[in-house]
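A.B. asks: Spelled out, the chains give:
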Amino acid sequence: MPMKPRYLILFAALALTSCNRLDVAGMFFSSGTHTEDRVAQWLEWNDQHPAVVITDAPDQYNIYVCSDIHLEGDVSRVEQFLRHEYADPLGLFSIVNGDIANESGPRPFRQLDSLLRLPQAADTCFVTIGNHDIYFDCQQYFQQYFHTSTYAVTVQTVGGAKDLFVFLDSGNATHGRRQLDWLKQLLQQRDQYRHVVVNTHTCLFRTSYNYSTTPAANLPEEEYYELIDLMSRHNVSLFLMGHFHHKEQHLIGNTPYVMTDNLNEQEATPSYLVVTCADKVSYRYEEL
Amino acid sequence: MKHHLLPLLLLLIAIPAANSQEQPAESRPLTLTGYGFYDTHYATGDNCGGALMLDWQVAPAFTLGIGAEYASSNRISARLTGQATLLTTARQQRLTLENSYLWRHFPALNLQEFTGALQVGWHARHIILRLGLCNRYIAELVQRSNGGQGTVFEPMNVLFAAEGWWHNRLLPNQWNIGLRWSNYNDFVIERVANWFFSAKALYRLPHNTDLYAEVGIHPVGSLNLTASYDGWFLHLGAVKTL
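As they're listed, the protein sequences go chains A and B. The first sequence begins at 1 in my numbering and counts up by one. The second sequence begins at 1001 in my numbering and counts up by one.
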């Protein structure tokens, strides 16, 4: 006699739980650390370490941005991405905008950390945390290897310009009050910078439904509008997101909102973003 | 045909179909609902305000509703709803088609949100189930009028609601309590993974008036591997049937 569908669903959910691929409870309730607690940890780490300042950058430079790398053994595409950045004479650093992991345990974080130590990919890489990086208490491994996900990096160019790159934690589909307050305070100094680029993992918009956007979450409405308002009021040059595994661009106010595709191994045409910071900020997608 | 015109077309089909039906069991010629609310948001703070809604049964099986909400953050919302009863069973269960249009204005950046939604509903004695889709435009109108971009179109967001009541809703009860799970409420339609869980209560007063209360929580990021608490809300008001 065939098994009833509900038993099949229950069995599948339990099987996924037992092999540490799916945190069923965490899909309905907060599991692991809460956004607010995690941000407190990130800010505490920031207080104990000097902020990153990159000096003597050229007046025009490139940043390579990808997201959703979901490491599961084969790291060739991420390595290729890092090599491309390193080989670019204008390449300054790279960004991995969340979802390093696709499974529980330290392996994906260790793999990315090892890649960043390769001589052929030796430029700095900045990382944010994604929703896949915090389930099954994985944030401890993120913290072990990358230390913080709420921080800012300043780039000083030889011509005297200063650019600010902000990195946020939206792993729980919210940034939390503490982090938004931190961001607001940081953006008060907007006038000191030529460009401000904000990075977060969770996408603001839900413009399509496919295998990766369903049921992945967006921010709650009130936060979403507050964030857009904040970006516009402070004339943020670029807002970068990941999460939904496809390319997307919008312009609201003077701020472009750009979503990066994934570098997932199963994806047929993975791509990344090359952001050029000069007098203006421009960007282009590059396929691997 | 563009798919965002579909709700309007279906409503036009539904109105004559609804008029051909018998008088539905829940006959409420004119219903006025008013409530004050308080809601908290984890990241962005608190809101309080009020809402007023009027439902008018313009035909035996067609109800038109209008409503407006004002929040202390200067957020203004308004909605227009048409609900057609397509089928009434012998046990007074109803199959409905509901078409709503929601406009919200956020003081932040003068952003306007326009949502058109179409839902199928099943209204039984103790249970109400609704499932539908909505299309949404998010527009920065000042920028649009200056020739720039500033519009985001979000098509085919799923909306759903499941509501259960202790007493038979179709009978006159001194009191009733219920539970609701959905991704929308009267003036907010969240994306599909941001839910509302609430408990509702009605208490009958003289002159066809019910006291109304609803208290709920709002988690975000459900089904996203790691959900998070976002806030809670309280609605307190009255429902007057004329």
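Read the hints as simulated data drawn from the structure, not as lab findings. Keep in mind the model is a prediction, meaning the values are calculated, not measured. Beta carbons: idealized from backbone N, C-alpha and C, even for Gly. Mixed in with the good hints, there may be bad ones.
As the list claims (entries may be wrong) - One-sided and incomplete, this derived list gives chain A residues near chain B with beta-carbon spacing under 7 Å:
hint, residue
1, G26
2, T35
3, W45
4, D74
5, R177
6, Q185
7, F205
8, R206
9, P215
10, E226
11, I252
12, Y285
A.B. asks: Hints first: check each against the structure and report whether it holds.
C.D. replies: Quick rundown of the hints versus the structure:
| no. | hint | verdict |
| --- | --- | --- |
| 1 | G26 | 5 Å, holds |
| 2 | T35 | 6 Å, holds |
| 3 | W45 | 21 Å, violated |
| 4 | D74 | 22 Å, violated |
| 5 | R177 | 5 Å, holds |
| 6 | Q185 | 15 Å, violated |
| 7 | F205 | 5 Å, holds |
| 8 | R206 | 5 Å, holds |
| 9 | P215 | 4 Å, holds |
| 10 | E226 | 5 Å, holds |
| 11 | I252 | 5 Å, holds |
| 12 | Y285 | 18 Å, violated |
The structure fails hints 3, 4, 6 and 12 (numbered hints given earlier, in ascending order).
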